[in-house]
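A.B. asks: Residue-level listing of the chains:
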Amino acid sequence: MIREDPVPLEGTVLWEAFKKSFIYDRGVPLLGLGQTESGKTEKSYQIAKWLMESGETWIRMDCGKPHELLPLLMMGKKIKIISPPDCQVEIMGGGDLDLPEIIYETTTCPEESWDYVERGVINVFSFRAFFLDGTAFGSYVARVFNSLMNEVCTGDSPIPVPCFIDVDEFSEVAPSYGLIENRHQKEAASKIARVIKKLRGLRIRLCGYDQAWTDVYPNARRAFPWLMICRSPGTSGKDTSSLERFSPLFESLRIEEALFVWPNRKWIGKWNFSLFPRPPGVSVRYRGQCYIARAKKRRETWIRETTDEEEEGDPREVSPGIPGSLS
Amino acid sequence: MSPGRDSFAAGLRGPDYLNMAGWVFLETHPSLTLYERTVQLGNITVRLMDHLDTDKDRKTALFTEIQGTARKLDELMDQVENFESIEGAFTYARGYMKDLFNVQYRLWSITQDAGLLKNTMMQNFAVPGSLEPSP
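If you read the sequences in order, they're chains D and H.
Going by the working numbering, 178 is the number at position 178 of the first sequence; the sequence numbering is gapless.
Going by the working numbering, 372 is the number at position 45 of the second sequence; the sequence numbering is gapless.
The following block holds chain H by itself, in its conformation from the complex:
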């Protein structure tokens, strides 16, 4: 098990930012690909880092890493059907999953360090007056 995995799971249990991000990632978009979900997770993180005036280079690097991992995951999902056995697919996937857990662990660390619990829950959003045209 990746060292990041426990931490990530622990983060998901608390009513904190990562709970929110994890929820968006895991539950809100069942119709989206893993890539799209991960990018959304990244978007939320970067947005929060904006609020915290986090160093721009650090933010960009993290976001790039998230996108890269997401792409790998998406490729993986495309290839799973080509494997002859489920064991083969898991072996192939293990490396990427480790990458993902590492990224998630870093997200968790950043948000925990920042103590975003209350701030994120209490963030104010101004709702749009009109709905933009549907895609």
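Isolated chain D, as found in the complex:
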């Protein structure tokens, strides 16, 4: 009868179909869904590894989780960490380990982030950890994505395509209405949703990972034809109604298991992923902070160059902020 042990996927019709329809179909976005501790981030590393091996440039937008960067150190590729102005990522320890070369780049404005992207290395956009405020982060990322689209559309892009952008905690970038705190955040989410829809044609793939379908901004989530389902994915709503009858199965998935749902909402079998190792004795520290400067009239203003007055007024402000206007 059916074997209990996982059968190798490699060499099967299913794997060949997956490669043709997803991996080698450049620009096709994927949204991974699953509750906390369902292994989304672990699986995102594996998917990213496949895509990178297929020839795509990898840009990972990290969400600042502790130790999130560590598995990347074990992939044998050079790592380039790109952070906001005056913010630094420090990887400490591991002196006796054979770790790959790590390049640290600090941008002067969000638009500049893409200039540092390089083919063949793991490009990490390390932004989220430096923002205390979701609105400021949303605005920053909206500028990053806007500049991407502008540069690619005008043919001035330094970004080597095909490429994919790997975004963990995607609702931080494009939150749903229920998670949006103010109109600035909504504008940013709306901008990002518009950009996402155009990226595919530019052979730029977005792989987003989040806890629930309904946590993601509606216009953005509908741009994802492929789904990766981990445990308790929160797939409710008319867009995913065909999957609701599988909810009991989804809730029983183990941490290493996931389902790949094709654009026609069909899926075959449970896919078992391996955990990526972490280098022992290595830790990551984020130094610096970006912020929304609050004027004394108690209204929010966009991130801008810090004045001496603001530096004195807010003890949290340890970086000079992000130059330029976001409006």
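Treat the hints with care, since some could be wrong.
Claimed, not checked - FRET-style restraints, in silico, Cβ to Cβ: (1) H:Ala-388 to D:Pro-66: 56 to 66 Å; (2) D:Asp-5 to H:Ser-457: 17 to 27 Å; (3) D:Pro-218 to H:Gly-395: 46 to 56 Å; (4) D:Gly-281 to H:Gly-456: 21 to 31 Å; (5) H:Ser-457 to D:Gly-93: 19 to 29 Å; (6) H:Gly-456 to D:Lys-78: 11 to 21 Å; (7) D:Asn-219 to H:Gly-395: 41 to 51 Å; (8) D:Glu-251 to H:Gly-456: 22 to 32 Å; (9) H:Ser-457 to D:Arg-285: 29 to 39 Å; (10) D:Lys-65 to H:Gly-395: 54 to 64 Å; (11) D:Arg-265 to H:Gly-395: 29 to 39 Å; (12) D:Glu-37 to H:Ser-457: 18 to 28 Å; (13) D:Arg-287 to H:Ser-457: 30 to 40 Å; (14) H:Gly-456 to D:Arg-285: 23 to 33 Å.
Unchecked claim - Just some of the chain D residues that point at chain H, by a computed CB distance under 10 Å: (15) Pro-6; (16) Pro-8; (17) Leu-9; (18) Glu-10; (19) Lys-19; (20) Gln-46; (21) Ile-268; (22) Asn-272.
If you're looking for bench data, these hints aren't it; they were derived computationally from the structure.
Cβ coordinates follow ideal geometry from the N, Cα and C atoms, glycine included.
Take the given structure of chain D and dock chain H to it, following the hints.
C.D. replies: For chain H alone, coordinates are given in the frame of chain D:
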């Protein structure tokens, strides 16, 4: 209409193995030839029959039949352009389509008999750690 046709269509409607196989066959590979799609369908079937410890001779015979039908279909597609009218092409095709429906009906019967609904959906696959070089 072939007697197998209704059964096959009925099989496609359920959330069962044939739904899966039919999906691979009909939707996943629009770029592939009918021959390639049919062979893939056959591969899935044989794989499932492996799980069921199906008789080897029966499995081989079925797979050969699928391949044969697939080749006929592929030849047919090559020749369609040579026909002067679409009616002529359909007449020519009818015999082969009957063969195909018969094969599909047999696949459907086997999988239905085996009650593969849950087992197939729940099959565990171990994902490869690396992507093999692109063709």
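A.B. asks: Give a verdict on every hint.
C.D. replies: The hints, checked one at a time:
{"no.": "1", "hint": "H:Ala-388 to D:Pro-66: 56 to 66 Å", "in the structure": "holds, 58 Å"}
{"no.": "2", "hint": "D:Asp-5 to H:Ser-457: 17 to 27 Å", "in the structure": "holds, 21 Å"}
{"no.": "3", "hint": "D:Pro-218 to H:Gly-395: 46 to 56 Å", "in the structure": "holds, 50 Å"}
{"no.": "4", "hint": "D:Gly-281 to H:Gly-456: 21 to 31 Å", "in the structure": "holds, 24 Å"}
{"no.": "5", "hint": "H:Ser-457 to D:Gly-93: 19 to 29 Å", "in the structure": "holds, 27 Å"}
{"no.": "6", "hint": "H:Gly-456 to D:Lys-78: 11 to 21 Å", "in the structure": "holds, 20 Å"}
{"no.": "7", "hint": "D:Asn-219 to H:Gly-395: 41 to 51 Å", "in the structure": "holds, 50 Å"}
{"no.": "8", "hint": "D:Glu-251 to H:Gly-456: 22 to 32 Å", "in the structure": "holds, 27 Å"}
{"no.": "9", "hint": "H:Ser-457 to D:Arg-285: 29 to 39 Å", "in the structure": "holds, 31 Å"}
{"no.": "10", "hint": "D:Lys-65 to H:Gly-395: 54 to 64 Å", "in the structure": "holds, 55 Å"}
{"no.": "11", "hint": "D:Arg-265 to H:Gly-395: 29 to 39 Å", "in the structure": "holds, 33 Å"}
{"no.": "12", "hint": "D:Glu-37 to H:Ser-457: 18 to 28 Å", "in the structure": "holds, 26 Å"}
{"no.": "13", "hint": "D:Arg-287 to H:Ser-457: 30 to 40 Å", "in the structure": "holds, 35 Å"}
{"no.": "14", "hint": "H:Gly-456 to D:Arg-285: 23 to 33 Å", "in the structure": "holds, 30 Å"}
{"no.": "15", "hint": "Pro-6", "in the structure": "holds, 4 Å"}
{"no.": "16", "hint": "Pro-8", "in the structure": "holds, 5 Å"}
{"no.": "17", "hint": "Leu-9", "in the structure": "holds, 4 Å"}
{"no.": "18", "hint": "Glu-10", "in the structure": "holds, 4 Å"}
{"no.": "19", "hint": "Lys-19", "in the structure": "holds, 8 Å"}
{"no.": "20", "hint": "Gln-46", "in the structure": "holds, 7 Å"}
{"no.": "21", "hint": "Ile-268", "in the structure": "holds, 5 Å"}
{"no.": "22", "hint": "Asn-272", "in the structure": "holds, 5 Å"}
In terms of the numbered hints stated before, the structure departs from none.
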